[in-house]
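2 protein chains.
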Amino acid sequence: MSNRNRNYAIVGTGALGGFYGARLQKADLEVNFLLRSDYEHVKKHGLIVESPEGDFTLPEVRAYHDAHQMPKCDVVIVAIKTTQNHLLPKILPPLLKDNGVVLVLQNGLNIEVEIAKIVGAERVIGGLCFLCSYKVGPGHICHLDYGTITLGDYSQDYKPLGITNRLNQIAKDFKRAHIPIKMSENLLLSRWKKLVWNIPYNGLSVVLNARTDELMANPDTRILVEEIMGEVVAGAKSCDRIIPDDFIQNMLDYTHKMKPYRTSMKIDYDESRPLEVEAIFGNPIRVAQQAGIKLPQIEVLYRMLKFMDAQNQEAERKRQLLSL
Amino acid sequence: MSNRNRNYAIVGTGALGGFYGARLQKADLEVNFLLRSDYEHVKKHGLIVESPEGDFTLPEVRAYHDAHQMPKCDVVIVAIKTTQNHLLPKILPPLLKDNGVVLVLQNGLNIEVEIAKIVGAERVIGGLCFLCSYKVGPGHICHLDYGTITLGDYSQDYKPLGITNRLNQIAKDFKRAHIPIKMSENLLLSRWKKLVWNIPYNGLSVVLNARTDELMANPDTRILVEEIMGEVVAGAKSCDRIIPDDFIQNMLDYTHKMKPYRTSMKIDYDESRPLEVEAIFGNPIRVAQQAGIKLPQIEVLYRMLKFMDAQNQEAERKRQLLSL
Chain F
-12 MSNRNRNYAI
-2 VGTGALGGFY
8 GARLQKADLE
18 VNFLLRSDYE
28 HVKKHGLIVE
38 SPEGDFTLPE
48 VRAYHDAHQM
58 PKCDVVIVAI
68 KTTQNHLLPK
78 ILPPLLKDNG
88 VVLVLQNGLN
98 IEVEIAKIVG
108 AERVIGGLCF
118 LCSYKVGPGH
128 ICHLDYGTIT
138 LGDYSQDYKP
148 LGITNRLNQI
158 AKDFKRAHIP
168 IKMSENLLLS
178 RWKKLVWNIP
188 YNGLSVVLNA
198 RTDELMANPD
208 TRILVEEIMG
218 EVVAGAKSCD
228 RIIPDDFIQN
238 MLDYTHKMKP
248 YRTSMKIDYD
258 ESRPLEVEAI
268 FGNPIRVAQQ
278 AGIKLPQIEV
288 LYRMLKFMDA
298 QNQEAERKRQ
308 LLSL
Chain B
-12 MSNRNRNYAI
-2 VGTGALGGFY
8 GARLQKADLE
18 VNFLLRSDYE
28 HVKKHGLIVE
38 SPEGDFTLPE
48 VRAYHDAHQM
58 PKCDVVIVAI
68 KTTQNHLLPK
78 ILPPLLKDNG
88 VVLVLQNGLN
98 IEVEIAKIVG
108 AERVIGGLCF
118 LCSYKVGPGH
128 ICHLDYGTIT
138 LGDYSQDYKP
148 LGITNRLNQI
158 AKDFKRAHIP
168 IKMSENLLLS
178 RWKKLVWNIP
188 YNGLSVVLNA
198 RTDELMANPD
208 TRILVEEIMG
218 EVVAGAKSCD
228 RIIPDDFIQN
238 MLDYTHKMKP
248 YRTSMKIDYD
258 ESRPLEVEAI
268 FGNPIRVAQQ
278 AGIKLPQIEV
288 LYRMLKFMDA
298 QNQEAERKRQ
308 LLSL
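If you're matching them up, the sequences are chains F and B in order.
No gaps in the numbering here: position 146 of the first sequence is 133 in this note's numbering, and each next residue is one more.
No gaps in the numbering here: position 152 of the second sequence is 139 in this note's numbering, and each next residue is one more.
Worth flagging that the hints you see were computed from the coordinates, not collected in a lab.
Don't take every hint at face value.
Unchecked claim - No more than 20 Å apart at the CA atoms, straight line, and that leaves these computed lysine to any residue pairs for SDA-like:
id, chain 1, residue 1, chain 2, residue 2
1, F, K305, B, A204
2, F, K281, B, E101
3, F, K281, B, A221
4, B, K77, B, E40
5, F, K305, B, N205
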């Protein structure tokens, strides 16, 4: 990765990739956007970002619909949903400079392992986003709240690397683009910590058709959230990642004080998009299982979500057939 | 309990109590029906039963709306939902002859324990119904299929009593009314066995809005059903009731061959009636817990159902307020 004037690629120019990519370009970095359905529109009209931190428009962006047409980049940001990761073996290799890195801004566990199989473990960096944004229309993103990214470097088997030089370089670019950055010395621990929130709230919000405030107000789901969080902590421990005792209580207090919130998985479900069940639920279950630890309550959520996702996608296929 | 010409009381003249009570009266037994909302109608018009085994009408029945007005009976059949059991301490004592018995035709676990607190353990008999019927309107019952009752005598702590004399006497009356009867020498074992079916299918059908055939067709819910059945067997074992190894597979095969079926709890949910969550889920969890055994997957179902039940009842209250 070059020391200065790093160029970026955004794989997946949606609510997340579009937001961060637009911010980077606005900070005068070279950003190349890979698009699918929105390609024609964005090529012609650029990107619009509405945000409480200031609206802005980028009338011209480097838009592409084929990774082979794009310039090789120092940092390739993966911002598609994990349900589309089967596309990456064709996309990533032609996009990456010889000494470039892939920054994976996806939810779930073992995501870096999958990407490492394509580009090599030494070329992968993980990022955990805490962002509320959604796509209003093609190339039009509405940023609602938050936006911090926690960066953590990756090496084989998640051996902690500390804060590396390349992590600092990327952080510098993001800070220049006014994106708040935190650094993690232990990427796998950070991923498990994020799952302490994501697994109970994403899962229960879909299964029970409920917002976070409803799950916290009912005494039974309040207990269930806490028990499931306990299983996530047990899963982390099975990987020798110790989440401190007060972490769960802090998460509960924090969520209790949050505005009523529809989780990202619930939004995906309501919009009939495929759910990231394997990345967020299946992988943690399998990782713990390999260490001999069962996560029975998370498994209930996992199988329920797989059922609901299958039914949802089947209904969506039927709707699309009818609208042909 | 008298040796001949036993008279009966039906507490709860709905789809189940109305069906069995009407059959007993049709066989020339004295049956006294306790009703609430349907009292006026049934007093005037009697009962109608539609059934594949033959439709029939009882233009006149002994209908009551107050247990104190009723004659004391040899056999008092409890056929209300367990969610109404708080009414029984006022209903049962005035209804029961000195040597009479209460036959509890309710779902769930530890039901007999509750009734024994009111009338004494030596006056309780359990019955497990396998019946598909529903109430078309006041005093109008549609019997769809099945109807077998498994009778089992009760004593303190579910100590097995074998097939008692009074069990045989009641069985004789029911057989005279063409109601198929099985006998259980071990009531608690029979109750746990019934839960092997009721817990997964009732629970998942409500949470996932699904019929039995849909739960069996999807590979994830198919596995989940089997795992939850395994927890019920573990719960039974915590009470020293051993369910044989092939029982689960037989249940799965049996359900797979069944017609698509909407479970009774799903029907209750769809009709905005309170769910029997404590009897069917809460009691088994607590009984196992007391023996030091956790049933984590059943607990997920339990808490989800409590949440959904609360939301459903809250919505129902609002509807009723609006319609005033």
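Okay, the hints, checked on the actual structure:
1. The straight-line distance between the Cα atoms of F/K305 and B/A204 is roughly 18 Å, inside the 20 Å bound, and the hint therefore holds.
2. Between the alpha carbons of F/K281 and B/E101 the distance comes to roughly 35 Å, so the proposed pair goes past 20 Å and is violated.
3. Distance hint between F/K281 and B/A221 is fulfilled; the C-alpha atoms sit about 16 Å from each other, no more than 20 Å.
4. Between the alpha carbons of B/K77 and B/E40 the distance comes to roughly 36 Å, so the proposed pair goes past 20 Å and is violated.
5. Proximity of F/K305 to B/N205 is assessed by CA-CA distance (about 18 Å); at most 20 Å being required, the pair is judged to hold.
Comparing the model with each earlier hint shows violations of hints 2, 4; every other hint is respected.
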